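Trainee: When you get a sec, could you build the whole thing from the sequences and use the hints?
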Amino acid sequence: MALSEAGRKLCAEALDALIARCDGVSAAMLAFRDGRPYVERVRTRADHGKFAAMSSSLVALGQSVLRELDAGTLDHVLVEGTDGKFVVSSIPGSGGLLIIAVLARRDARLGLVLGHAKSCALAVSSAIS
Amino acid sequence: MSASYKLLFIGEPGAGKTTCIGSLSDIAPLCTDVHCTDELAAQKESTTVALDYGELDLGDQSRLLLYGLPGQARFKFMFDVVRENLLGVIILVDAASRTALDGLGETLETYAADVRELPSVIALNKHAAPSAGLVEGCEALLRQHGLVAPIMAVDARRRADLVRMFDLLFVMIEHGSESSAQPEATTWH
Numbered sequence: 001m002a003l004s005e006a007g008r009k010l011c012a013e014a015l016d017a018l019i020a021r022c023d024g025v026s027a028a029m030l031a032f033r034d035g036r037p038y039v040e041r042v043r044t045r046a047d048h049g050k051f052a053a054m055s056s057s058l059v060a061l062g063q064s065v066l067r068e069l070d071a072g073t074l075d076h077v078l079v080e081g082t083d084g085k086f087v088v089s090s091i092p093g094s095g096g097l098l099i100i101a102v103l104a105r106r107d108a109r110l111g112l113v114l115g116h117a118k119s120c121a122l123a124v125s126s127a128i129s
Numbered sequence: 001m002s003a004s005y006k007l008l009f010i011g012e013p014g015a016g017k018t019t020c021i022g023s024l025s026d027i028a029p030l031c032t033d034v035h036c037t038d039e040l041a042a043q044k045e046s047t048t049v050a051l052d053y054g055e056l057d058l059g060d061q062s063r064l065l066l067y068g069l070p071g072q073a074r075f076k077f078m079f080d081v082v083r084e085n086l087l088g089v090i091i092l093v094d095a096a097s098r099t100a101l102d103g104l105g106e107t108l109e110t111y112a113a114d115v116r117e118l119p120s121v122i123a124l125n126k127h128a129a130p131s132a133g134l135v136e137g138c139e140a141l142l143r144q145h146g147l148v149a150p151i152m153a154v155d156a157r158r159r160a161d162l163v164r165m166f167d168l169l170f171v172m173i174e175h176g177s178e179s180s181a182q183p184e185a186t187t188w189h
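Note that the protein sequences, when read in sequence, are chains A and B. Residue numbering for the first sequence follows our numbering, beginning at 1 and increasing consecutively. Residue numbering for the second sequence follows our numbering, beginning at 1 and increasing consecutively.
Quick caveat, the hints were computed from the structure, so don't treat them as lab data. Model, not experiment: these values are computed from the prediction. Mixed in with the good hints there might be a few duds.
Distance windows between CB atoms, simulated [claimed, not checked]: (1) A:R8 - B:L40: 17 to 27 Å; (2) B:K76 - A:R67: 24 to 34 Å; (3) A:E68 - B:G59: 18 to 28 Å; (4) A:D16 - B:L40: 28 to 38 Å.
Which bits of chain B does chain A cover? Going by a derived footprint, with three or more residues having C-beta under 8 Å, they are [what the hints assert, rightly or not]: (5) 22–32; (6) 41–50; (7) 69–75.
Listed below are the simulated DSSO-like cross-link pairs for lysine-lysine, each with C-alpha atoms no more than 27 Å apart in a straight line [stated by the list, open to error]: (8) B:K44 - A:K50; (9) A:K9 - A:K50; (10) A:K50 - A:K118; (11) A:K50 - B:K6; (12) B:K76 - A:K50.
Even for Gly, the Cβ is constructed at its ideal location relative to N, Cα and C.
Mentor: What follows is the structure, encoded as structure tokens:
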């Protein structure tokens, strides 16, 4: 799947919308499945390359765990810590090419973060298809 | 009493880490390969993005746990996931590649500080008779990064070759302090 410059702009707008609508999001990124950044909006000092690589590792591990346990296909991976929440998921309709990763502060509401991440993933899916 | 030992495989993308673990493992290996999306796609279809995992029965109620890390430096954080209680490290090199030394150089640039205190072997894969120039180049890179490791040719698809490599690694582990006192890399052909 080839990604156009216009598609990239729409993807950036989808990330902007996610950050604007969801309180507490400190970083949102679209990355390639093999761990390279595509588009990002990062308010933290996170290393973009490492952020993308860790996101792809988590998706791959999540998929492997579910496959090994006969537990179906991956919807999302959630990592929750004392100071933040991290959600990562594949972009539907991208043939597994892209993943979305969202980092939110501790006080962000998990349901909202998940919901907005999914909405953003659908917007990205439309933008690149 | 059963025991398990952890062994790590590192090396440039395409060096043969996934193949190596697949050849050795007694269980179906856990792979986290995805299709490449960058220039690497011209060389290989897929690449590891988290880790490979396999297990080898050593026959005396002990098992060797085999971990392979992605070849790209951006995944270096995975070393922290597997570093605890590592027994040794196999550093794979695609000896058939014209950029084999560049690949090894990048691997050592990324991991030398972490593997310096561990017994390690340089495994020249994909070429039955690596050139003297390649071996000398590997020795120079090892010296440059302050590492001591034997260098040997292996075929990652052949279990017998890999067992030979482990034998060598275990000799080094048994005589760890003596091998680390050697001033230069030792070449095994």
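Trainee: Out of the numbered hints, which ones does the structure contradict?
Mentor: Of the numbered hints given earlier, the structure breaks none, since each of them holds.
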